[in-house]
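Peer 1: The lines below spell out each chain.
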Amino acid sequence: MKERVRIAAGQGFWGDLPDAPVRQVHGGQIDYLMLDYLAEVTMSIMQKQKARDPKAGYARDFVSLMKEILPTCIARDVKVIANAGGVNVPGCAAAVRDVAVELGLSDKVLIGIVTGDDILDRIDELLARGIELRSLDTGEPLAVVRNRIQSANAYLGAAPIVEALNQGANVVITGRATDTGLTLGPLIHEFGWAADDWDRLAAGTIAGHIIECGAQCSGGNCQYDWENIPDLADVGFPIAEASPDGTFVITKHEGTGGCVNVPSVKEQLLYEMGDPHEYITPDCVADFTTIHLADDGSNRVRVFGITGRPATASLKVSISYSSGFKAVGTLVYAWPDAYKKAQAADRILRARLDRLGLKFEHVLTEFVGANATHGLLAGEPSADLAEVQLRVGVRANDRAAVERFTKEIAPLILTGPPSVTGFAGGRPKVEEIVAYWPALIPKSEITSEVSLLAS
Amino acid sequence: MKVRLTKLAHARSGDKGDTANVGVIALRDDFYPLLVREVTAARVKEHFRGICKGDVERFELPNLGALNFLLHESLGGGGTLSLMTDAQGKTFSTALLRMEIEISDEEAARLGLN
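Residue numbers (our numbering), protein chains in the order written: chain S, 1 to 455; chain B, 1 to 114.
Check each hint, because a few of them may be wrong.
To be verified - Here's a subset of chain B near chain S, in silico, CB distances under 8 Å, partners left out: (1) Asp18; (2) Ile25; (3) Ala41; (4) Arg49; (5) Gly54; (6) Phe59; (7) Leu61; (8) Leu70; (9) Thr80; (10) Leu81; (11) Arg98.
Stated by the list, open to error - Covered, in the sense of this in silico footprint (three residues per stretch, anywhere, with C-beta under 8 Å from a C-beta of chain B), are these stretches of chain S: (12) 261-272; (13) 364-374.
As the list claims (entries may be wrong) - The following label-pair restraints were derived from C-beta to C-beta distances: (14) B:Gly112 x S:Arg4: 36 to 42 Å; (15) S:Arg352 x B:Ala109: 56 to 62 Å; (16) B:Asn114 x S:Arg399: 56 to 62 Å; (17) B:Ala108 x S:Gly305: 30 to 36 Å; (18) B:Gly112 x S:Glu68: 48 to 54 Å.
No lab work stands behind these hints: they were computed from the structure.
We put the CB at the ideal spot given by N, CA and C, even for glycine.
Make a model of the complete structure from these sequences and hints.
Peer 2: So this is what it looks like as structure tokens:
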């Protein structure tokens, strides 16, 4: 058994710094590269891509990334774990296999494919059997939006990733898997942690939580002493250096920018936190009130003391459904009285929308530069503000109403208050809203499947 | 005397649906009891008037010297439904740090805040 396993995070979301994973692989010795590609509504985008092209439906960036890093990964024995498969895990795996063949690495690459998360085709059958998939947000049964569903995936945990690694895979591709499972999986595989070793499973889960948002734990978006965080242009992405006893150190490669210190790790621990006593994953329930942190030298934070409890009998399901349309229009008003002018323009716009008889579910006006982020807490805007951006958003089920709204913004330039600009981008775009429906499903309903694809 | 939370804490915020979470972390261990005493769920609810339309829940993490707040019904529907600039509540962190709390001169002196 290894004494220490180094897991490096390469992407905090689909669209994060493209060269971050490359630098993680080249910047020093690591054992695993962990890549999280799937945000909550990413799956619906991928379903649409797959509907147009049956070969699509996964994170294509991952394939070009693999082309760049696979030779080094093989040379240095770095295994890759990614939820890049989206709604077409086999397609993604086949594309990576083609890359391996092209690079002449056919005999060195074994791809583990994890499926079973996609339940889009099973929705009717599940509903018919009384599994209502009620929204965790509103309590409504899924039947309410049945005909508008675009994707439905259960969050798989670490177990199938462990299975793929145990079978010898050195690249593991999943669809919807928890971010934390991508880190916990390799640790269970390496250290042989038992399925009911709740404290260690919780520790691996929390290691995953700390590094899953990439540089957000190593100096990015860090409030603590932000002005003195060095060289964010060259920010080092985080690495979890784990030990068999469940303790671990968060660090980053030597010579990179950013910082890993107790405050930066604390900030990430609190990110998107619910009840800290129960952080629920498919693998365990982790207790954040047991986490202890200590400085362990330059850019090293030791994490220890973590306890966990048995996993629940459910898996979370992420469902996306179409929910109308929205558009946002903006204009910029300049000094003097920039705020008053923007307010006047908003009144004129709303009067015109009323006169047109357009029905919206929601119309929101914000004054960027005055109070868009902090509302009343920002206080009364000064008359001396250099400029204020008027930002008006509308949402409706009726696309035509939203379309009409987009034609009412530019005319304000010639028909509203003076010293206005900022319309170079043309009319606002109408955007289809794909909303998110979180629900729970009994674990017994979901069977993950693991297969291997040799080159 | 009044002390702004920017002097006592740092923070990070995020979202879960229409709920924003704000984690407030004491800058020093001896500031934490002050945060526990003064930054109550009720005060945070009042602080975010006009923004938070639901309940505010508070959780204590003495191990991290931190408090976690859940601000329900605060993000205009949340996720992709929201029309807000800050649909993910990412700036709620500093919004909370605008809060001022009242402490005695004696306590301020003891903590080196005056």
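Peer 1: Now tell me if each hint is right for this structure.
Peer 2: The hints, checked one at a time:
{"no.": "1", "hint": "Asp18", "in the structure": "7 Å, holds"}
{"no.": "2", "hint": "Ile25", "in the structure": "5 Å, holds"}
{"no.": "3", "hint": "Ala41", "in the structure": "14 Å, violated"}
{"no.": "4", "hint": "Arg49", "in the structure": "7 Å, holds"}
{"no.": "5", "hint": "Gly54", "in the structure": "11 Å, violated"}
{"no.": "6", "hint": "Phe59", "in the structure": "5 Å, holds"}
{"no.": "7", "hint": "Leu61", "in the structure": "5 Å, holds"}
{"no.": "8", "hint": "Leu70", "in the structure": "7 Å, holds"}
{"no.": "9", "hint": "Thr80", "in the structure": "5 Å, holds"}
{"no.": "10", "hint": "Leu81", "in the structure": "5 Å, holds"}
{"no.": "11", "hint": "Arg98", "in the structure": "5 Å, holds"}
{"no.": "12", "hint": "261-272", "in the structure": "holds (count 8)"}
{"no.": "13", "hint": "364-374", "in the structure": "holds (count 6)"}
{"no.": "14", "hint": "B:Gly112 x S:Arg4: 36 to 42 Å", "in the structure": "41 Å, holds"}
{"no.": "15", "hint": "S:Arg352 x B:Ala109: 56 to 62 Å", "in the structure": "59 Å, holds"}
{"no.": "16", "hint": "B:Asn114 x S:Arg399: 56 to 62 Å", "in the structure": "60 Å, holds"}
{"no.": "17", "hint": "B:Ala108 x S:Gly305: 30 to 36 Å", "in the structure": "33 Å, holds"}
{"no.": "18", "hint": "B:Gly112 x S:Glu68: 48 to 54 Å", "in the structure": "52 Å, holds"}
In summary, the structure is inconsistent with hints 3, 5 from the numbered list given earlier, while agreeing with the others.
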